[in-house]
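Number of protein chains: 2
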Amino acid sequence: MDIVEQIVSGNVRATARLLRDIDDEIPSARAILKELYPHTGKAYVIGFTGSPGVGKSTLVDQLATRFRKEDLTVGILAVDPTSPFTGGAILGDRIRMQRHFLDPGVFIRSLATRGHFGGLTKSTNDMVNVLDAMGKDVILVETVGVGQDEVEIANSAHTTVLVTIPGMGDEIQAIKAGIMEIGNIFVVNKADREGSRKTIRELRNLIELGAKRRNGDDWEPPIVETEAVKSRGMEDLHEAIRNHRSFLLSTHTEKWREVLEKRARIQLMEALREEAFRTILARMEKDGNSFDLMVDQIVEKQSDPYTLVQEIIAKEMG
Amino acid sequence: MDIVEQIVSGNVRATARLLRDIDDEIPSARAILKELYPHTGKAYVIGFTGSPGVGKSTLVDQLATRFRKEDLTVGILAVDPTSPFTGGAILGDRIRMQRHFLDPGVFIRSLATRGHFGGLTKSTNDMVNVLDAMGKDVILVETVGVGQDEVEIANSAHTTVLVTIPGMGDEIQAIKAGIMEIGNIFVVNKADREGSRKTIRELRNLIELGAKRRNGDDWEPPIVETEAVKSRGMEDLHEAIRNHRSFLLSTHTEKWREVLEKRARIQLMEALREEAFRTILARMEKDGNSFDLMVDQIVEKQSDPYTLVQEIIAKEMG
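Going down the list, the sequences are from chains A and B.
For what it's worth, our numbering labels the leading residue of the first sequence as 25, then goes sequentially.
For what it's worth, our numbering labels the leading residue of the second sequence as 25, then goes sequentially.
Please keep in mind that the hints were generated in silico from the structure rather than gathered at the bench.
Check before you lean on any hint, since a few could be wrong.
Chain copies aren't distinguished; within one or between two, either way the pair holds.
[Stated by the list, open to error] Listed next, the in silico PhoX-like pairs over lysine-lysine satisfying Cα-Cα at most 20 angstroms (straight line):
| hint | residue 1 | residue 2 |
| --- | --- | --- |
| 1 | Lys325 | Lys279 |
| 2 | Lys339 | Lys254 |
| 3 | Lys66 | Lys325 |
| 4 | Lys339 | Lys279 |
| 5 | Lys66 | Lys310 |
| 6 | Lys58 | Lys222 |
| 7 | Lys286 | Lys254 |
| 8 | Lys339 | Lys66 |
| 9 | Lys58 | Lys310 |
| 10 | Lys93 | Lys254 |
| 11 | Lys58 | Lys279 |
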């Protein structure tokens, strides 16, 4: 069996190897991704985003358990160096997460690539595709923060869950300013904490404000209160996700098609951006066009990045 | 006077116009950036990164006041939709920040671009260059979160300040996992809060762990306790920044050169990545190569992103 067949039949070892190759940017991985692509499109992708400390991993962990009860297989991608799924947390959390490691119906992988120039969004999309081709029914993607990468990752999910906790007023502002439109479901985790009512009220106001821009056919994001460590609210969250999925699939709107188009566009744009850059770097190397030399020229003020880039483009894309 | 001369002589209106053009990706902005570049390299760039709610804006606000006392001019770039500098906060904050708006020695601008594909890092570097060319002595860059964009923005600063608050254990884990190496100074803000000693102890342990990898010549990040809203700790932070600058400039190491090379490399790579993508998109448009059509092909499963990208590269970069 070749690697594509192995992955499609759910082989964990082959899948893990491909994901590592993607992370390491091994060129052969792309040929495999291409062959895997026809096997994608069956998984339901759910993104979780929010600041460190709001409890995204615990929510994902609990939801994975919930989906397993329905006998759905689950893929988890943690784009977060702090994720307990990858050992970036205190021991108790790690042990708790490990119950899934014994379950063949759950595949967990983290993406902690740092220091690369871009490529995080691209890798995430590729890895979602791999878990999809591998046959996972549900893919849970955990991302940290409210940065641009996170927004793009969220855009490539079918349902995006924005997670916050009471008492983070600035988070509410972030939601207001930029990421309101990407949240399909809002979770107030650690809802037993002081300030919970206020946070929910603020979110509700934002949703009502947004309602003026939405038309009647649009989805109104629900607010779900949870205490993930106690499993409280998980049924509500599960139901909210199911409702959003039903909404997308409902026949009287074009929502499902819109989501598919949005995902396709992001994957195409990101793959193109990455490949164009890679192609130029490869040509530069072949031509002996040295980056180090150019960096020196900039530092010595003999040239500037704008001029050098024009020269590179003219030469390598001529 | 042309626009380059106007900006170099500190004209606020011309500068604001150029920054807007950069944000809107107006092609003519690049020619101006190129001409401005020889006027850059004088400013000292300080990056502030940390989650929403840790008080970065207040720190930046207070530090700006501190630098003004030395008669240094200040540029502030907030890469953060929640920043009070740009109205994304409660009224009291906004009024407090506005004292700087009356001071011609301070230039404030926010970058809240969302939904673009990449380009945030690139724009930030370009905007730092503009404020540098405009003659600002110190440039304070505020970024939110711990995403990849933030890491790269931090990499393009001379001094990077990582801001946290007591009781965010997951943040400490984030610092441990990925961003320890980019922090030159750690700030525990809201240090009057419960858990402050514990947070400082955890940070100290991380710094000691890191010390084993550092050699004797290396900088040991200090931990500064602040209560920015009360101006407490600002002298310590100011001193820590001055110390780090002196360390970089000290003659017995190559640190300053290293920082300049790192900044030059990031600017070159990001500018190249952006320009290669832009060039391809322009050629596609010229050739009537339709993105929408390709998106449809992906959605209909007639093709896949990997194959389409190969075709585009072959055609447009042939």
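Taking the hints in turn, this is what the structure says about them:
In this assembly of identical chains, Lys325 and Lys279 lie within 20 angstroms of each other by CA distance solely across copies; the values are 18 angstroms between and 52 angstroms within a copy. Taking CA atoms no more than 20 angstroms apart as the test, Lys339 paired with Lys254 passes in neither setting, with 60 angstroms inside one copy and 56 angstroms between copies. Proximity of Lys66 and Lys325 under a CA criterion of 20 angstroms is satisfied inter-copy only: 12 angstroms between copies versus 54 angstroms inside one chain copy. For the identical chains of this complex, Lys339 and Lys279 are neighbours neither inside a copy (44 angstroms) nor across copies (33 angstroms), given an alpha-carbon limit of 20 angstroms.
For the homomeric pair Lys66 and Lys310, neither the shortest alpha-carbon distance inside one copy (41 angstroms) nor that between copies (36 angstroms) is at most 20 angstroms. In this homomeric assembly, Lys58 and Lys222 never come within 20 angstroms of each other (Cα to Cα): the closest approach is 48 angstroms inside a single copy and 49 angstroms across copies. Taking CA atoms no more than 20 angstroms apart as the test, Lys286 paired with Lys254 passes in neither setting, with 35 angstroms inside one copy and 46 angstroms between copies. In the homo-oligomer, the alpha carbons of Lys339 and Lys66 never lie at most 20 angstroms apart, since the shortest distance is 43 angstroms inside one protomer and 31 angstroms across protomers.
Proximity of Lys58 to Lys310 under the C-alpha cut-off of 20 angstroms is found in neither arrangement, the shortest distances being 26 angstroms within a copy and 27 angstroms between copies. For a Cα distance limit of 20 angstroms, the shortest separation of Lys93 from Lys254 inside one copy, 17 angstroms, qualifies, whereas the shortest one across copies, 52 angstroms, does not. Taking the shortest Cα distances, Lys58 and Lys279 never come within 20 angstroms of each other, neither inside one copy (27 angstroms) nor across copies (44 angstroms).
Hints 2, 4, 5, 6, 7, 8, 9 and 11 from the list above are not met by this structure, while the remaining hints are.
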